[in-house]
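Residue numbers (this note's numbering), protein chains in the order written: chain A, 1 to 332; chain B, 333 to 764; chain C, 765 to 1279; chain D, 1280 to 1607.
Honestly, the hints are just simulated from the structure, not real lab data. Fair warning: this is a prediction, and the values are worked out from it, not measured in the lab. Be aware that one or more of the hints could be misleading.
[As the list claims (entries may be wrong)] What the simulated footprint calls covered on chain C by chain D, stretch by stretch (three residues with Cβ under 8 Å from a Cβ of chain D suffice, anywhere in the stretch; the number is not a length):
1) 853 to 861
2) 864 to 871
3) 874 to 886
[As the list claims (entries may be wrong)] Label-pair distances were calculated between CB atoms; the ranges are:
4) ILE1024(C) - VAL123(A): 28 to 34 Å
5) LEU185(A) - PRO432(B): 52 to 58 Å
6) LEU879(C) - ARG1494(D): 18 to 24 Å
Heads up, the beta-carbon is just placed ideally off N, CA and C, and yes, glycines get one too.
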Amino acid sequence: MAQISTPAQERSLWDRFIIGLRNIAPIYIVLILLLIGIGTQNPTFLEPAGFLNLLRRAAPLMVLTAGQLFVIVTGGFDLSGGSLMSLTVIGASLLINNDPANTWWAILVLFGIGILVGLLNGVIVSYLNVPSLIATLGMLLALRGAGLYWTGGAPRGYLTDNFRMFGRGWLEPFPVIERFPYAVLVLIVVSAAAIYLFNQTNLGRQLLAVGDNPRASRLAGISVEKLRIIAFVLSAITAVIAGILQGGFGGVNPDAGEGYELQAISAAVLGGAVLLGGRGSMGAAIAGALALEALFTLLNLLGLPKPLRDAVQGLIIIGAVAYAAYRSRRTR
Amino acid sequence: MFFKNVKRPWFLIFALVILVLGLVACGGGAATTTEEPAAEEPAAQEAAPTQEEPMAEEPAAEQPVAAGLESDAAQVKSEFFSQEQYDRSMRQMTMTPEGPADQPWIQMLDNPEMVDTSQYAKEGPYTFCFSNAGVNNPWRVVGWTTMQAEADLHPEIAELIHVDAEGSDEKQIADIADLVASGNCDVLIVSPNTTAALTPAIEQACEQLPVVVFDRGVFTDCPVSFVQPIGGYAFGEAGARYIIDNCSEDCNVLALRILPGVDVLEERWAAAKLAFEDAPGINVIGVEFGDGDNAKVKSIVTDYLDRFGRIDAVWMDAGATAVAALEAFEDAGQPYPIIVGEDQQDFLVKWQENNLSGIAPTFPTFQWRTPIIAALHIMNGEEVPAVWRLPQPVITNENLDQYVQPNMPPLHYAMCGCENMPDFPERWGGTQ
Amino acid sequence: MANAEEPILEVRSITKRFPGVVALDNVSAQFYPGKVHAVVGENGAGKSTLMKILVGAYIPDEGEILFQGQPIHFSHPREAQEAGISIIYQEFNLLPERTVAQNIFLGREPTRYGLIDQRQLRRRTRDVLKQVGAEDMISPDAEVKSLSIAEQQLVEIAKALSFDSKVLIMDEPTAALATHEVEILTRLIHKLIEQGMAVIFISHRFTEVFDIADTITVLKDGQYVATAPATEVTPSKIITMMVGRELDQYFPRLARPEEIGEVMVQVVNGSNNKLHDINLTLRAGEIVGVAGLQGSGRTELAQALFGVAPFTSGQLTLKGQDSHVKSPNAAIHARMGFVTEDRKAEGIFPNQPLNDNILVSVRALQLVLGRIKRNGTASKPHLVSELVKQVDVRTPSLTQEVQYLSGGNQQKVVLAKWLASTCDIFIFDEPTRGIDVDAKASIHEMIRELTQAGAAVLMISSELPEVIGMSDRIVVMWDGRISGELPAGASEEDIMILATGHREQEAEAAVETAV
Amino acid sequence: MSALTWSNMRSRVRESKIPPVYAILLIVFVSAIVLDAIFGRGQITSGVILTNMVVRSVALGIVAMGQTFVMLAASIDLSVAYLISVTAVMASYLMQGDPARVPLAVAAVFAIGGLVGLINGLIVSKLKVNPFIATLGVGLVLKGILNASFETFVGAVPRSFQTLGYGTLGPIPISILVLLAVTLISAFVLSRTRFGSHLYAVGGSEITSRLSGLRTDRVLILAHVVCSLTAVLTGLFVVSRLRSGAPWVGTDGLYDLESIAAVVVGGTALSGGKGGVIGTLAGVLIFGVLDTMFNQLGVDTFLKQVLRGAIIILAVASYTVRSKEKAA
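Modelling step: build the complete structure from the supplied sequences, incorporating the hints.
Pasting the structure below:
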């Protein structure tokens, strides 16, 4: 190994391109293959409008996954995301109470609740030392009840159009394709923000450090507890956003987020995140979520029965992780 | 450091094992999923199995269903269809029920055989006990609220003890045992979570005290009275008939279902399928399961619109997601289809706003009032019908207006028969 | 039993290479039953490597091992154990949550009708505990976590005996023990050799070496120096043999008086549960070496200064003003840096790229949402590449994950981390442990450069030549106290006397005889 | 007052060998009695309700014992819920209400369970897949196969078989005896067999176990097999009570997450090597007591869920809060 003479940024574009190509996450290839598969089944999906529809459909999961990754890289889980989504939808219907004027502060309140839940998760994990699996499992059960207890069992009001706009509405007129879904806009913004936070700020690097070696992190001056809490808060915020999108797309529905938490974890793992922390890529995780959704769509188009879809999903997740484990052992 | 060597063979072996499992899955692949029928959405809750032929397992349960999307429906028919009950339902739909027309919850159909309950007669005040399968969806919430309101109407009911099984058979069995053991109950009202599973528990309860079962049945006739509307076939047939009568030649029908395996839902589809089969110009372009999830339903409909360009009518085995289906048409900029919904407010409102051509068969929530009334009869030693068959009104374009209540929550069920009860509408979440 | 003329275990011209280092170079030695054979040498002299080879944890590149005259090739410590060669590592292999009996017979539980025979298990445990003379000190049913370090070591020894070993190897057995515990161990070892066992042990404590050992073998830089009966050599002779090259090893020059500046760190009567009445001054421009055996409180001192386990009483003054360094973060704010002893567990982030490893502390001081530069800071965008050049890290790229770097390079990365956060107070704990010779030299060079740039350095090391060669002053610790301070160029003997707490030992001896 | 109880409980517990969770169980139980006396009918102590309190814990209890095994080995099993469904359906499908076919059916489901456990164990130990993901995936596969083959209640178990769920031996329900038997056997295996002792070792430190010559992979695999077998037993118990099995019985019972919660509440560390089935028994009973109390007090359904979640967290926190090593 010769001593390095030229730091990365001085290398020629071409070299960097090659290097980039070499360590591109496998999930992107998988995703492309899936999209091609979908295209062969039903080309409309690859036309702008069709593809935007796919994105719009996948948006809630992709957003939730982005948040989930923040927690996973610190070596934790957040199982409470799905029920927080449901809580958001139910809460919105109660707070807005059929009056469009209420929408905006209602959304603020919902984010407030989300942040509170995140803080709670974080504090329980960081200061009570409760393993995040248990802490967020308890939170999952609690939130399930809380939402319905709050509204007395069923959503109380309609979701007004200005609330549903985010999940359902379009930006029109729009150049080239005449209309552009707000959901995708939100998705782009959230993804960009998440990727920025994760790749461009101290936060992302420190979260990785905490997940990789908590003791060393502490000795390097990182306040581990604070970062764990931030991670859970971010996860909760994305859950609220996902809830708003889901509620907007589908309308009032007391269990809008059911099962989303596990799908988000699976997606992050498909994106190469390691469950005990220290490794993960935001872009790849979000791509993983899209891949999962694309997989469902493809299996749908192939007319495969839902049960088979579950099975395939299970196999793919195991396969992906097994392959990653196998590769990391080989490189050691 | 030791044992460090990678076990590549293992990796391959497992890839294989897993693949095999996958294939097995395909092999057995029916078109469908079965999630908790209880936990998820209204119609599953409304599931009302046929309570006649005690102790009979559903015939087709014997052999597992193995079929793809298309053959699936046929399979289902053989599995759940019972000609004799189909005829019974059709007959009852045409009957005029006995009893006050403005109080359908005390009407009876098919002049039922009455049971003498003098052995149970006793002085008030009474403690009624109610083992509830769950309040885990709006339909049940409305029903439960209505039942409480009904109980409040009767001063002689000192207390209505409510235990909730949260959609778990195991829990409900234990709950019933608790209630019986506590010895507080003068009468036990049960809304079973699933038919087969609760039968043993209810049989045990019957030995101790009078039992009233409603909503879903059990495979035993030990309960003093069983309260139930006409049932699934009528529901399914009404919707299908409306489509057939109103859809022009060459009519693309999309059948949206919640999930398979729940008897009442299967009955609804079986009846509809029967109707569609011998109807000219009707082609069912697909039968899909939406899990009662708005988002899923919307996606499915969108995909079908992409694929077939035009859908003329949508038949649903439960209306909970009707609005989502309609929105898919809006989002795709397509004209509204002929739609079969249910008495859910959000659908009725949309129906009225856009004066769609639609129909809403109902599985009325007013049936939650009847068990209390039946139980009171029993306490007073008055006769009650062994099978209290309630009417099953259908909302049509004609009578739509009298059911639309914009002041009620979107997931309120109009057929609650609660409009004249105290504290309406606040108690049901509505506003003046 | 085995006669003393025949070596029970013998190594012939063993050579073992690791990337960048020759750990053992053509070493030979014989070990006799009924004898205690001490192997001495500085850290990195190859002692541990030799031991690991004896038990099959490493496979030698050249040479052969003879056990009872037969060539042997162990591929797993378990095989060595069963053959009758047991080793006790410095860090014990015991399960804290399990009982003594369960630990000793783990994987070999006596069974009856397929079930663990509790009675027999206890009985056999008591037997082996009796052999180590601990039968009434340690209950077979005691959970290991409830035992003291010394007791745990006895359990380890008992475990070794339970294989009825013919050879027992102990790596720094006394490192963590207090004086009276050492006595017990010494007696035990004598008892064992009377039973005809061959005992090999590694130690820095010459008092014990000469108390216990019959034979002493000296290694230096992986080479065999000499073997002599304990009776025929003196400590000083041994020391010169093992560190024979004080002079031929290059150390940077010491600080000139004028280079030594104002007081950077001052501790007055600092104490916590591990440390007692620490009084310490650290000036800009000087390197203060801290010598002392393991468990003497060296590391605890570093941790106290850096806020990991702060002083609970006493006074800490940094650069003139009183400070309460209650957390590493506070320490770093005070521009302190701590190069830890356990690199893997506390220094590096194995899965993270080099640049992030170097920048982690800088970033810890910035806002959490602050934007990062990949290879530096806003003010110094090329910081990483500069530091990588400065400390001479050999890496294919700045984004290489550090888990793939050699130990020496990892250590340089850790150093670079603190350089990046512009510290002016450095604490080094074993800065050159497990690093090959030329890397050592360059690290020494860097440390000196730090002080020449006006930094103050506290350097903990168990390698006496390093302490002597580097330090402008030497502080020696014993039993959580500072047992003495020596000027630059103090002799190893002086240090050893303070470090082995000779005086205390004599005092205690006196007390014991008096009683 | 409860604080006082708490402290002297703790001292008492420390002396004895009883896991601390029993203190919590006692507190919950006492407060249940008190609350019931004040707001309820004070019946919670009546024999029938007490037995019922245990009976409603049996199904969860049995599988929680198995879950304890895997978690002692620092693994976890999320596939149990689906395996329970598989068992329930397969059992009643194979029995078809015919007593003669019971042995065949039982043998068959245990075989399936063993296979599933083996697969779980192999994926975790040989493929080094994180157990959370591995068993989650296997669960999905089971779900798929199951739903592809069965839609609703199939077959039935013969009345004779229902004695498992409903029968009593004198005053005591057989189901309780089953739970006790499983608990005692598990406790016995953990404390008296080499497998048990190795299980703790592997969970405590895999490296040390390897250095001591244990075949750690085998231990881990066996643990997963045991867990799956207990899941099968739960499945049989459930179907014997339900008379007929449907594909949703396992997931409806939330047996996967609740068993994990029960084990952790019972004092077994997620990190493995610490704890035991005796603690788990208490963990399970806590849930039973809570359910009964909530019913007796007529607590609102949704509030119930909130409380349950909170209590799980608090119970676990009561051990972890003082612990040094940070959880993630």
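Hint-by-hint comparison with the structure:
1. 853 to 861: Since 5 is at least three, the answer is holds.
2. 864 to 871: Check passed, 3 qualifying residues.
3. 874 to 886: Since 5 is at least three, the answer is holds.
4. ILE1024(C) - VAL123(A): 28 to 34 Å: Since ILE1024(C) and VAL123(A) have Cβ atoms about 48 Å apart, the given range 28 to 34 Å is violated.
5. LEU185(A) - PRO432(B): 52 to 58 Å: 56 Å, holds
6. LEU879(C) - ARG1494(D): 18 to 24 Å: 19 Å, holds
Going through the hint list in order, the structure does not satisfy hint 4, though it satisfies all others.
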